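Novice: Build out the structure end to end from the sequences listed, making use of the hints.
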Amino acid sequence: MKRLETSNLRLVTSLGFSLVELLVATAVTLTVTAGVLSLIGPARAAFSAEPEVAIVQQRLRVMVEVLFDDLVMAGAGQLNSSFAPVLPFRRGAVNDAGAGVFKSDTITLYYVPSKPAQTTLAADLEEFGTVLKLNPDSSCPQTVSPCGFTAGMDVLVFDEAGSFGRFTVTAVRASPAELTVTPNAATATYRAGSRVVQAIDRTYFLKNDTTSNAQQLMSYDGSTNADLPVVDHVVGLTVEYFGDPQPPVLKTTDEIAPWTTYGPKPPAVGVQSTAYPAGENCVFQIDFDSGQQVPRLPVLGDGSNTLVRLLAGDLTDGPWCPDSTAANRWDADLLRIRRIAVTVRVEAAIDALRGPAGILFARPGTSRGGPGWVPDQEIRFQVSPRNLNRDR
Amino acid sequence: MTMDTGREEGVALIVALMALLLLTALGAMLTVATSLEMMIAKNFRENAEAFYAADASIERAMNELATTGDWSAVLGGSLRSSFVDGAPNGLRMLPDGSTVDLAAVLNMANCRKVSTCSTNEMDAVTADRPWAANNPRWQLYAYGNLRDLLFPKTIDSSYYVIVMVADDSSENDNDPLRDGADSGNPGSGVLAVRAEAFGPRGARKTIEVTVARRLMIDPGRTGLRVLSWHFVRD
Chain A
1 MKRLETSNLR LVTSLGFSLV ELLVATAVTL TVTAGVLSLI GPARAAFSAE
51 PEVAIVQQRL RVMVEVLFDD LVMAGAGQLN SSFAPVLPFR RGAVNDAGAG
101 VFKSDTITLY YVPSKPAQTT LAADLEEFGT VLKLNPDSSC PQTVSPCGFT
151 AGMDVLVFDE AGSFGRFTVT AVRASPAELT VTPNAATATY RAGSRVVQAI
201 DRTYFLKNDT TSNAQQLMSY DGSTNADLPV VDHVVGLTVE YFGDPQPPVL
251 KTTDEIAPWT TYGPKPPAVG VQSTAYPAGE NCVFQIDFDS GQQVPRLPVL
301 GDGSNTLVRL LAGDLTDGPW CPDSTAANRW DADLLRIRRI AVTVRVEAAI
351 DALRGPAGIL FARPGTSRGG PGWVPDQEIR FQVSPRNLNR DR
Chain B
1 MTMDTGREEG VALIVALMAL LLLTALGAML TVATSLEMMI AKNFRENAEA
51 FYAADASIER AMNELATTGD WSAVLGGSLR SSFVDGAPNG LRMLPDGSTV
101 DLAAVLNMAN CRKVSTCSTN EMDAVTADRP WAANNPRWQL YAYGNLRDLL
151 FPKTIDSSYY VIVMVADDSS ENDNDPLRDG ADSGNPGSGV LAVRAEAFGP
201 RGARKTIEVT VARRLMIDPG RTGLRVLSWH FVRD
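Line by line, the protein sequences give chains A and B.
In this text, residue positions in the first sequence follow this note's numbering: the first is 1, and each later residue adds one.
In this text, residue positions in the second sequence follow this note's numbering: the first is 1, and each later residue adds one.
None of these hints come from the bench; they were simulated from the model.
Treat the hints with caution; some may be incorrect.
Label pairs and their computed distance ranges (CB to CB) [unchecked claim]: (1) B:Leu-22 with A:Leu-23: 31 to 39 Å; (2) A:Asp-302 with B:Ala-132: 47 to 55 Å; (3) B:Thr-154 with A:Thr-252: 39 to 47 Å; (4) A:Thr-325 with B:Gly-77: 26 to 34 Å; (5) A:Val-62 with B:Leu-150: 31 to 39 Å; (6) B:Ile-155 with A:Gly-100: 45 to 53 Å; (7) A:Thr-343 with B:Leu-150: 55 to 63 Å; (8) A:Phe-17 with B:Leu-22: 25 to 33 Å; (9) A:Val-299 with B:Leu-150: 29 to 37 Å; (10) A:Val-271 with B:Ile-155: 46 to 54 Å.
In this text the structure is predicted, and so the values were computed from the model without any measurement.
Beta carbons are placed, not taken as given, at the ideal position from N, Cα and C, and that holds for glycine.
Specialist: In structure tokens form, the structure reads like this:
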């Protein structure tokens, strides 16, 4: 009996499942499987999105570093004593924007390297002239004659009237000291004594080419060289300028006078150096009543020393340096710039990680679901160019 | 029955091992990606901190130099900043265990080698130092931990900063240990200042500034005017 019972029991356990048991088991299995699958989908999306988030952030870091390093040095070499080393437009041999332009997504910077080749002109350089006769002096670098200049070097020539031009050295001659150059920007006449200095010229701008589907931060060096991409998938670049509200002051009482707190100093009273009347230039004029040289630029804002935002109108309405007839003219208010704010926006490179255009995406992608989105990332940073904030 | 049971256990083991392998691989990938990102972000942060450390130390040095009457004493090495942490030589230990050798830093600035520079080496004409006898001869001016630059607990930084000074290269008196006194010397009242900041894991930034006494150009005011400010990329 005992054996039979045992046998019966084994028979019961091998009978299989009832329909109800089978349905319950299937339901449980399906529920668990659906639960797991519902987790796998978003996890997979997140897994493919996270590396792209990291890449977007890396693009932002590269942009900040590249722009910051050049912005912080803008004007090195006391350039803003003569001309504006920061321009809100493209200047150079190719696609020069011309005078009176403001582009919020473009900035051109000039600065002199730390050990520059430099000297002054020994003779006038006429318009379209291509030979710079140099005046070697004792402060010239003595590595390479003349004064450290070599073929291929980019140089700036500028005078005390506010005229400046960029040239590329094609040949050098030691005796007599002279450089053969290719004029790369608007030409002008430069008198003997004008400074010649090795310089770095950078234009950064946003390229938004819908034909080739290229959104890039580009760099241009002012020459006939091609534009170079710096960072891909940049969908926003905005540059804002903040300036000194006070006009420049002309110092006439000390041993090295006259000199100005910023901008080119005016010619002596009675001497005419530009289209402005004698004794005047783009930042100083003769006061009708006193006959003294007084600032041409007005006080901006509330008259305090707090930096004021310089808008497009402020930077394109004159007064013009060296004067309004010069092809290479620029707005004198550009000399006020003391702080630059830059806003950059970068998108995910893969269309499938971008959703519809809107707040999150400047350009639409193909993704329809939120978990796989990589929204555009934006950063704003401010730089006080150390060479434009000179007094301590 | 016993054989079947054994086969089922084997499959479970293999499935479990495969799942474990997959998860381990995913976890490893995520760990590598995350740690790489953290390292990149940390390097970016160190780069920024090194810049601000060098910039802060050079501002501090300029503040003291503005009120220092005799710049020739500074150029000769007999007068230093109040911001020093001992003798102007020897090793300084950084929190991460690395060291900064003050003499080596000075020699590197003067002749691009860590051992003592000879006069000929310092006067040699090179791309970095093209002014021969008027080449700058850097002297240690200020050095110490950045956190000691202000009151305790004001600056939270592990950086070590060194500020050096030298005669401006525009001088023409062939005496780099004396600030030119005559008015015909273009470098009279002009000084070169170099700041180097050292941080964890080799982080380093160098800034060079040329400053002029504002007293020379504006008798009504004291202070300095920055003539040029540069990163040094070496």
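Novice: Check each numbered hint from earlier against the structure, then list the numbers of those it violates in ascending order.
Specialist: 4 and 7
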